[in-house]
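Each number in the numbering used here comes from the position in the sequence shown (counting from 1) with 446 added on.
Calculated directly from the structure, the hints in this document are not laboratory data. Using N, Cα and C, we set each Cβ at its ideal position, and we do this for glycine too. Heads up, a few of these hints could be off.
As the list claims (entries may be wrong) - Beta-carbon label-pair distances, calculated as ranges:
{"hint": "1", "residue 1": "T833", "residue 2": "D685", "range": "13 to 21 Å"}
{"hint": "2", "residue 1": "A838", "residue 2": "D685", "range": "14 to 22 Å"}
{"hint": "3", "residue 1": "R569", "residue 2": "T652", "range": "24 to 32 Å"}
{"hint": "4", "residue 1": "A838", "residue 2": "K644", "range": "56 to 64 Å"}
{"hint": "5", "residue 1": "G525", "residue 2": "A616", "range": "36 to 44 Å"}
{"hint": "6", "residue 1": "T558", "residue 2": "T757", "range": "29 to 37 Å"}
{"hint": "7", "residue 1": "G803", "residue 2": "F626", "range": "45 to 53 Å"}
{"hint": "8", "residue 1": "L601", "residue 2": "N809", "range": "24 to 32 Å"}
{"hint": "9", "residue 1": "D835", "residue 2": "N809", "range": "43 to 51 Å"}
{"hint": "10", "residue 1": "N475", "residue 2": "A563", "range": "56 to 64 Å"}
{"hint": "11", "residue 1": "E783", "residue 2": "L694", "range": "28 to 36 Å"}
{"hint": "12", "residue 1": "G525", "residue 2": "D810", "range": "47 to 55 Å"}
{"hint": "13", "residue 1": "Q756", "residue 2": "F626", "range": "48 to 56 Å"}
{"hint": "14", "residue 1": "D835", "residue 2": "T558", "range": "24 to 32 Å"}
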Amino acid sequence: MTVSVSVPVSNRFDWLFRGVTEIFPHQPNSADPAENLSQRLAQTERPLRVKLGIDPTGADIHLGHSIPLRKLRSFQDAGHTAVLIIGDFTARIGDPTGKSEVRKQLTPAQVTTNALAYLDRVRPILDFDTPGRLEVHYNSEWLSKLDLGETLELLSTMTVGQMLAKEGFATRYEQENPIFLHEFLYPLMQGYDSVAVKADVELGGTDQKFNLVVGRDLQRHFGQTPQFGLLMPILLGTDGVQKMSKSLNNYVGLGEDALSMYSKLEKTPDSTIKDYFTLLTDLPLDRLPENPRAAQKLLALEVVTQYHGQTQATQAQADSIALITTGQNAGGESIPEFSLSAVNFPAKIFQILSAIGLCSGSNDAKRQIQGGAVKLDGQSVTDIELTYDDAAGLVGKVLQVGKKRFKRLVN
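Take these sequences, add in the hints, and give me the full structure.
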């Protein structure tokens with residue numbers, strides 16, 4: 447993945463557009479503030495209202511989710527108003543983008559729990575304290591009040607053909623997978639959010655362009671000036687191959703402890719490290735270390751500092767170095783070694799945890815894995831059926847349960 451700004455912008459606003467994949471509409475030579483976001487930023491007599499909508503379909507978020515949030519913070523720092531919309535109503539439908547089948551509808555209680563956890567995670571990113579710089583809305587404020595007539599008006603703004611042009615719907619239709627009518631409401635309701643908050647700019651990932659365009663169309667339909675769309679790239683995971691995802695176990699969670707975050711980020715592949723610096727930090731890209739290992743350490747330290755503070759980030763770096771070089775943490779506590787010769791391979795990870803004494807038995811090991819307490823060299827282990835045919839993939843690595851139980855695996 448190569449991150450680049452696909453539209454020329456004035457130097458004055460370069461930092462606002464750092465890492466942006468696309469801005470639309472954008473006529474770079476136009477002086478019309480309706481066609482050129484740079485002109486709109488320069489000429490506006492009031493702070494722009496910059497919208498980001500999030501659906502709390504889960505409680506855990508990772509660094510990939512932080513990218514549009516960090517861009518929202520950039521607009522806050524430039525003096526504009528961030529409008530964060532918690533899609534508590536739309537989450538009950540679920541965004542069909544990129545899905546091969548209908549999403550499971552959440553209960554209001556599940557949505558509320560997830561939303562509170564989400565807000566807690568984003569506090570280190572957004573400015574919650576400066577008056578006038580942040581509005582937080584739940585879209586049930588307006589969507590739950592739409593009557594049938596108003597819903598029919600929304601439906602009348604788009605044809606079935608237009609809806610089926612949406613990538614996920616088109617694929618499902620071709621594959622004869624069911625598409626339910628309530629799913630067609632999602633982009634319309636998400637777009638209506640822009641009408642409700644009178645958004646000037648909406649942020650989203652590249653996979654959200656359809657939804658952002660619907661927002662523009664609905665604003666035009668309701669007599670408002672259509673918003674600009676600003677798209678950010680999808681972050682590749684720590685494997686450098688697939689998009690960051692908890693299900694793929696290639697993620698760095700915003701709620702992880704400092705050492706876990708640091709341990710993952712200091713192994714960022716060379717192919718993605720510049721993108722990580724671009725999207726996850728504000729560091730000048732022309733002053734990064736040329737040495738790949740030094741760049742990895744700087745990236746890890748910078749990102750961990752954002753979420754845990756300088757003291758914990760520095761401690762995590764020291765602990766990581768000590769674990770690798772001396773087999774001790776920075777406090778001098780040795781990591782005991784365990785010989786894998788005592789394990790009967792092939793063996794599942796929960797059996798290994800039990801065999802080496804990090805867990806009291808197989809059932810305890812399964813509970814620890816399912817609870818997110820198990821890590822192998824800083825990477826979370828979530829699959830209780832993970833199987834190793836032999837010791838080759840384990841020798842030299844540190845197996846961890848919780849924050850204080852470690853074993854270094856040796857032959």
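A quick look at each hint next to the structure:
no.	hint	verdict
1	T833 <-> D685: 13 to 21 Å	19 Å, holds
2	A838 <-> D685: 14 to 22 Å	19 Å, holds
3	R569 <-> T652: 24 to 32 Å	26 Å, holds
4	A838 <-> K644: 56 to 64 Å	60 Å, holds
5	G525 <-> A616: 36 to 44 Å	41 Å, holds
6	T558 <-> T757: 29 to 37 Å	34 Å, holds
7	G803 <-> F626: 45 to 53 Å	51 Å, holds
8	L601 <-> N809: 24 to 32 Å	52 Å, violated
9	D835 <-> N809: 43 to 51 Å	24 Å, violated
10	N475 <-> A563: 56 to 64 Å	45 Å, violated
11	E783 <-> L694: 28 to 36 Å	31 Å, holds
12	G525 <-> D810: 47 to 55 Å	53 Å, holds
13	Q756 <-> F626: 48 to 56 Å	49 Å, holds
14	D835 <-> T558: 24 to 32 Å	45 Å, violated
Hint compliance for this structure: hints 8, 9, 10 and 14 are broken, all remaining hints hold.
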